[in-house]
Amino acid sequence: MSAHLSTEEALRYHRQVTLAEIGEQGQEKLKHARVFLAGLGGLGSVSALYLAAAGVGHLHVVDRDRVELENLNRQLLHFTGDIGKRKAESAANKLDALNPHCRVTAVHETITMENGDRLVGDAQLIVDGTDNVETRRILNRISLRKGIPFVLGGVDGMTGMVTLFVPGRTPCFECLFPDRPSAKGPPGVLGPLPGIIGSIQALVAIKFLVGLTHGLLESRLLYVDGIRLNFKTIKLGKNAQCPVCGGNFNPESSSHA
Amino acid sequence: MPEDNSSIEVIINGFKETVPKGASISELILNYDEVDAAMIVERNGRFVYPRDYPTTQAQPGDVLEFIHPDFGG
Ligand SMILES: [Zn+2]
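Just so you know, the sequences run in chain order X and B. Take the first sequence: its position 164, counted from the start at 1, is 164 in this note's numbering, and no numbers get skipped. Take the second sequence: its position 29, counted from the start at 1, is 1029 in this note's numbering, and no numbers get skipped.
No wet-lab data here; the hints were simulated from the structure. One should not assume that every hint holds.
Claimed, not checked - Some, not all, of what chain B presents toward chain X, calculated at C-beta under 7 Å: (1) 1009; (2) 1038; (3) 1042; (4) 1045; (5) 1046; (6) 1047; (7) 1049; (8) 1051; (9) 1061; (10) 1070; (11) 1071; (12) 1072; (13) 1073.
Keep in mind it's a predicted model, so treat the numbers as computed, not measured. We put the beta carbon where it would ideally sit given N, CA and C, even for glycine.
Build the full structure now, drawing on both the sequences and the hints.
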């Protein structure tokens, strides 16, 4: 694969390559980037669309579900005609059609502690599009074990949250949430909320992949309140008691990007 | 209830509240509905880890937010 952009690619990405923050170098980094995206629902639909459109070279997506009618108020990758199809397959079709330069590997599988390492493979970044705590705990442990940063996202009702976990530099998912929440049914969600959160996750991912390491939401939890229409960040300190990472990190270390 | 020697004023989820002096986060949470094992407590812009709830005492003027985390997708 050529390191340089074709004429078609140069035009396709023109409006972002002209940004000083991206440039041709950044675009070439995106072209060689490998991203693992877990979940193709409300969050994953939107982050996948932006990552593919931006020219991420390898997008490895996993979802265990099939498209259902009640998904369609927010899961923008899936259309009415996809009902009953595997989300992985539905997503791969749309992402291929959007950007044939993005090589999409789509897998219909449940992520577990056993298969997680293999599924994540040699990705540079894990993007969370899941809808449950259990899978996030698994992704967190894979992130720590492999030293791969993990962009957390979550939505519920009219609110959402995002942060970036970087092993060795920030707290981890289980620093923040050591306890399992009480079991509830699937929350109500208004479509724009996962749209906002998934978009911010894609922004964090693109910035990370091109090496824009400032303002990555490291040790900050962005909380979006769609009722008051307010965004705020909550500072995350160390949790030395974390049973998983032991709060063992140094925000000043330059172990990534 | 006005502030006196045994109570302090704090702001909880945007509302001014008078609470006992020395009250811990654990004690304050109990007064809020829908207490969940996984909850976000923000104190003056910083995340308070659950393990620190019993030992973190509210100080006069503290701005506290009890937030339900969002785990849907
Ligand atoms: Zn941790």
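Would you pick out the hints that fail for this structure and give their numbers low to high? 1 and 9
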